[in-house]
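Here the protein sequences line up with chains L and W, keeping their order. Heads up, the first sequence is in UniProt numbering, so the first residue is 1 and it goes up one at a time. Heads up, the second sequence is in UniProt numbering, so the first residue is 1 and it goes up one at a time.
To be clear, the hints were calculated from the coordinates, so they are not data collected in a lab. Just so you know, even glycine gets a beta-carbon here, dropped at the ideal spot from N, CA and C. Among the hints, erroneous ones may be present.
As the list claims (entries may be wrong) - Partner residues aside, some chain L positions facing chain W, computed with beta carbon under 8 Å:
| no. | residue |
| --- | --- |
| 1 | Ser112 |
| 2 | Leu121 |
| 3 | Gly133 |
| 4 | Ala142 |
| 5 | Asn236 |
| 6 | Tyr388 |
| 7 | Arg389 |
Spelled out, the chains give:
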Amino acid sequence: MPAVEFRNIDIVFGADQKGALKLIDEGRSREEILTATGAVLGAAGVSLAIERGEICVLMGLSGSGKSTILRAINRLNEVARGEVLVEHKGGAVDVARCDEDTLRDIRMHTVSMVFQQFGLLPWRTVRDNVGFGLELRGMGAAERRRIVDEKLAMVGLTNWAEKYTNELSGGMQQRVGLARAFATDADILLMDEPFSALDPLIRDKLQDELLDLQRRIHKTIVFVSHDLDEALKLGNKIAIMEGGRIVQAGTAEDILLRPANAYVAEFVKHMNPLNVLRGTAVMRPAASLRREGDAVVLDKGGRVKVKVDADGRPVSLDLDGRAGLLAVADGEAGKIDDKLASDSDCIVAPVDLKLKAAIELKRHTDLPILLVDNLGRLAGLCDDDEIYRGLLRRLDG
Amino acid sequence: MYDWLTEHKIPLGIWLRDFVDLLTTHGQGFFDFVSLVLGALIGGFTAALLWVPPLLLIALFGLGAWLMHRSIGLVVFIVGALLLVTNLGYWQATMETLSLVICATLVCVIVGVPIGIAAAHRPWLYTAIRPILDLMQTIPTFVYLIPTLVLFGLGAVPGLISTVIFSLPAPIRLTHLGISSVPPALYEAGKAFGATKTQLLFKVELPYALPTIMAGITQCIMLSLSMVVIAALVGADGLGKPVVRALNSVNIAMGFEAGLAIVVLAIVLDRVCKRPERRSRKG
Numbered sequence: 001m002p003a004v005e006f007r008n009i010d011i012v013f014g015a016d017q018k019g020a021l022k023l024i025d026e027g028r029s030r031e032e033i034l035t036a037t038g039a040v041l042g043a044a045g046v047s048l049a050i051e052r053g054e055i056c057v058l059m060g061l062s063g064s065g066k067s068t069i070l071r072a073i074n075r076l077n078e079v080a081r082g083e084v085l086v087e088h089k090g091g092a093v094d095v096a097r098c099d100e101d102t103l104r105d106i107r108m109h110t111v112s113m114v115f116q117q118f119g120l121l122p123w124r125t126v127r128d129n130v131g132f133g134l135e136l137r138g139m140g141a142a143e144r145r146r147i148v149d150e151k152l153a154m155v156g157l158t159n160w161a162e163k164y165t166n167e168l169s170g171g172m173q174q175r176v177g178l179a180r181a182f183a184t185d186a187d188i189l190l191m192d193e194p195f196s197a198l199d200p201l202i203r204d205k206l207q208d209e210l211l212d213l214q215r216r217i218h219k220t221i222v223f224v225s226h227d228l229d230e231a232l233k234l235g236n237k238i239a240i241m242e243g244g245r246i247v248q249a250g251t252a253e254d255i256l257l258r259p260a261n262a263y264v265a266e267f268v269k270h271m272n273p274l275n276v277l278r279g280t281a282v283m284r285p286a287a288s289l290r291r292e293g294d295a296v297v298l299d300k301g302g303r304v305k306v307k308v309d310a311d312g313r314p315v316s317l318d319l320d321g322r323a324g325l326l327a328v329a330d331g332e333a334g335k336i337d338d339k340l341a342s343d344s345d346c347i348v349a350p351v352d353l354k355l356k357a358a359i360e361l362k363r364h365t366d367l368p369i370l371l372v373d374n375l376g377r378l379a380g381l382c383d384d385d386e387i388y389r390g391l392l393r394r395l396d397g
Numbered sequence: 001m002y003d004w005l006t007e008h009k010i011p012l013g014i015w016l017r018d019f020v021d022l023l024t025t026h027g028q029g030f031f032d033f034v035s036l037v038l039g040a041l042i043g044g045f046t047a048a049l050l051w052v053p054p055l056l057l058i059a060l061f062g063l064g065a066w067l068m069h070r071s072i073g074l075v076v077f078i079v080g081a082l083l084l085v086t087n088l089g090y091w092q093a094t095m096e097t098l099s100l101v102i103c104a105t106l107v108c109v110i111v112g113v114p115i116g117i118a119a120a121h122r123p124w125l126y127t128a129i130r131p132i133l134d135l136m137q138t139i140p141t142f143v144y145l146i147p148t149l150v151l152f153g154l155g156a157v158p159g160l161i162s163t164v165i166f167s168l169p170a171p172i173r174l175t176h177l178g179i180s181s182v183p184p185a186l187y188e189a190g191k192a193f194g195a196t197k198t199q200l201l202f203k204v205e206l207p208y209a210l211p212t213i214m215a216g217i218t219q220c221i222m223l224s225l226s227m228v229v230i231a232a233l234v235g236a237d238g239l240g241k242p243v244v245r246a247l248n249s250v251n252i253a254m255g256f257e258a259g260l261a262i263v264v265l266a267i268v269l270d271r272v273c274k275r276p277e278r279r280s281r282k283g
């Protein structure tokens, strides 16, 4: 069961909902619907499943409907048609149709939210702001204080607890917003362009902190952004929206390499692929390599070969009759000891190695990087040529 | 045509008089009750203020001002001003006026703030009451002084009612303004964390609107004070009485002194009601 699932939802702002829905069914555009009915199309035919523990980024220009569908998850926006299923107390609840009590329960316990303009209450101290959700729940002062202090420590604001929010910088205010959202211990976190109002350095720092926190707390995060770099950095899944409709949903790599239409292609054109592309996308697959018995030939002259065992795991390196040194790099960041890397003749790395890490490793060796799958079997090669093509995004040939 | 127009006068005034007559015949019990309650309220307040020895009360006022504002200058001013009023011989009249102002403001807040909140939540309601509020502030006081006199009899109560009619629009308007200017983001933050309507009102809307509502109450106090002379015309005790008497006997000295006492009371109330500096101010 996904944590959040949109099933074919339409959102319309304005009085003539029926008329607008009819025009949506006819496939009319937002402008046509506005002139015909006076209603504004917020979202049309949106279906999307967001799995538990995932960071899903809703991405698009302003007015594309990304915030609109985000706010349907806790019914700050009413849905005209379709279902918004939220995992609440072990079952799926249709937020769009549930009764007031259930909605309130979901808002208090299951879904919490971080706002673009922070949405902090200026007459309350930082501590009372963070405890706001718990206070609404009717929690006693002592227990509230304990939880609030814990969350303040989590976002590094312990020494600011007694200050008023307007005494804090923008970045700190949004940390208060984050702590407030974490305080209710909700499983689903809605973030409506939380870092857009901050300057780039602070934004970058908070993104890192969020990723760091996410590694520890594993929430389901639905994140709205108009910044593609932010989306690619944070999102396990990215949904690109235009005119109230989702035009493409998938992983960052998917969107970068296989844009669904011209709009998405235009969107990703100036994207930096270094942190997005992985070995799998750029490598020359093992199947296409020339083999000599139990060895795979690495160079054109056929003098450099790597021996693989029966399962296909690389075991030794043969440099024109001389044994070479194989070194192993770990993780998608390709972590390796510098000394070991420069001593080695060839580096073995996981297949989901980031392009940036591949360039880093390639500095140490003239031979291609051997990419292996999670069982250690040779999956492909990454040489200069692969890296260049990745950078130029010309992977088709 | 002109003759026809003037000969067939629409009996607007007669209708209203008949309406007031209807009220007096059928609602006398109700108006007597209101009169009794409000009369007791004002009487009680006045008695309480006059029961304390003047010098002790002045000292208490000074202490109160110090606790609220922590300003030596203000305390010196308040104590000096009240001593001046006592010296002029208007202590009792000042306390009677203060009691009338406090009661009028109390009634205005109890009636006006809820109406302002309701109007902020329902735009149609505000559209409906806006002309009434305009009417209450523009219609000459003497016009409704007559029916209130008929309904409530002579004394402090018709004075209080007229004062309330005149000052009520201020708290209603400013409460409406304060509540409807709550930023949508704060409202949504409340909703997103599961606030009920009541919680939204008490934890988001009212705290945000408080400075504006306080401004409305301060205005209400000032407007009430400006009505003391009118109230004196229907028999309310206080600083209005000597002013009216001075006018009738062309007594410049008395008129000036009583007027000065009113101004002093106005300044004192204004300074005391000014919102203390926000603790959250930067720096």
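Restraint: Ser112(L) near chain W, CB-CB cut 8 Å. Satisfied or not? holds (7 Å)
Leu121(L) as an interface hint toward chain W, with CB separation required under 8 Å: Constraint on Leu121(L) satisfied, holds at 6 Å.
Return the status of the interface hint for Tyr388(L): holds when the least beta-carbon distance to chain W is below 8 Å, violated otherwise. Cβ of Tyr388(L) sits 47 Å from chain W, so the hint is violated.
Holds or violated: Ala142(L) as interface residue toward chain W, Cβ cutoff 8 Å? It is violated, given that the least Cβ distance between Ala142(L) and chain W is near 20 Å, above 8 Å.
Just to be careful: measuring from the Cβ of Arg389(L) to every Cβ in chain W, is the smallest value less than 8 Å? violated (46 Å)
Quick check on the hint: Gly133(L) CB to chain W CB, less than 8 Å? Gly133(L) check passes; min Cβ-Cβ to chain W is 4 Å, inside 8 Å.
Satisfaction of the Asn236(L) interface hint, Cβ to chain W closer than 8 Å: Result: violated, 24 Å to nearest chain W Cβ.
When held up to the earlier numbered hints, the structure conflicts with 4, 5, 6, 7 and fits the remainder.
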